[in-house]
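Engineer: Generate the whole structure from the sequences, applying the supplied hints.
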Amino acid sequence: MSARLIRTLLVEDNESYSRLVVKMLAGTGNGGFDIESVNTLAKGISFLEENVFDLVLLDLHLPDSDGLKTFTEIHERYPGIPVIVLTGTSDEDTAVKAVQLGAQDYLVKGEMEILQLARSIKYALERQREINKRKLTEQALFEEKERLAVTLASIGDGVITTDTEGKVTLINRVAERLTGWSHAEAAGRFIEEVFFIVNVETGEKKENPVSKAINANNVVGLESGTVLITKGREGCRYVSASSSPIRDRDGIIIGVVLVFRDITELKKLEEELLKVQKLESIGVLAGG
Numbered sequence: 289m290s291a292r293l294i295r296t297l298l299v300e301d302n303e304s305y306s307r308l309v310v311k312m313l314a315g316t317g318n319g320g321f322d323i324e325s326v327n328t329l330a331k332g333i334s335f336l337e338e339n340v341f342d343l344v345l346l347d348l349h350l351p352d353s354d355g356l357k358t359f360t361e362i363h364e365r366y367p368g369i370p371v372i373v374l375t376g377t378s379d380e381d382t383a384v385k386a387v388q389l390g391a392q393d394y395l396v397k398g399e400m401e402i403l404q405l406a407r408s409i410k411y412a413l414e415r416q417r418e419i420n421k422r423k424l425t426e427q428a429l430f431e432e433k434e435r436l437a438v439t440l441a442s443i444g445d446g447v448i449t450t451d452t453e454g455k456v457t458l459i460n461r462v463a464e465r466l467t468g469w470s471h472a473e474a475a476g477r478f479i480e481e482v483f484f485i486v487n488v489e490t491g492e493k494k495e496n497p498v499s500k501a502i503n504a505n506n507v508v509g510l511e512s513g514t515v516l517i518t519k520g521r522e523g524c525r526y527v528s529a530s531s532s533p534i535r536d537r538d539g540i541i542i543g544v545v546l547v548f549r550d551i552t553e554l555k556k557l558e559e560e561l562l563k564v565q566k567l568e569s570i571g572v573l574a575g576g
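Residue numbers (our numbering): 289 to 576.
Honestly, the hints are just simulated from the structure, not real lab data.
Only pairs whose alpha carbons sit at most 20 Å apart, straight line, appear in this in silico SDA-like list of lysine to any residue:
1. 500 with 542
2. 455 with 532
3. 311 with 327
4. 357 with 328
5. 566 with 554
6. 556 with 567
7. 556 with 511
8. 423 with 390
Structural biologist: Written as structure tokens, this is what we have:
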């Protein structure tokens with residue numbers, strides 16, 4: 289099965305030079321080329337609008353556009369297509385600026401050789417593939433973060449994530465309300481300060497489940513009778529919680545996620561139930 293042709297748009301107003309470039313492309317050894325040749329920027333943009341191209345060879349000096357503007361007009365519209373600039377010996381500075389702005393390479397007319405053209409095309413295509421791949425990865429990561437942010441904002445539990453040192457990296461709205469700490473205040477602080485927990489009977493400070501999860505290398509929870517002291521020590525809440533290590537693709541721990549909920553009302557109901565049961569027990573004994 290033959291390799292797919294490299295769809296190439298040549299934007300060059302010098303007809304003789306266009307024929308020379310086409311001839312050189314045939315001898316590069318990069319595989320076959322499907323070449324469209326136009327002589328103005330407007331025609332080039334029109335072709336790019338209506339067709340799919342793998343590569344653009346672009347003369348910066350055209351009848352309807354001149355200098356860097358020629359490159360930026362194409363690059364800003366079609367950033368995913370690699371552009372190799374063609375320039376004269378007297379205008380290399382402009383070509384260098386084009387490369388700084390995103391062109392993959394520049395070639396000097398009259399000095400360009402077949403091997404140089406072949407190498408330039410090969411690396412331009414490879415670099416652009418890597419750039420496009422990285423952008424897709426970045427976009428996927430951004431979308432995943434957005435989905436996570438929406439999820440965290442909508443769930444009823446408090447969620448706090450930390451790095452491996454136990455410093456807060458994220459806190460959702462429920463966690464903000466339960467702890468009294470805003471995201472801006474909590475970010476970068478140690479989890480023990482934001483999620484300050486004690487034993488309800490003794491007032492003794494409890495080991496934070498984030499530290500326990502890292503040390504145990506596993507999911508850990510809270511002991512019964514644990515209360516969360518809110519910011520400024522203004523109040524407390526009974527909480528249940530679990531902490532899980534966050535791992536990268538290689539299984540290395542890169543952080544911890546703490547999920548917790550307010551169970552104060554549940555504890556009150558349990559206490560009321562115990563009182564009722566105790567009173568019933570006393571009544572039974574008295575009537576014995």
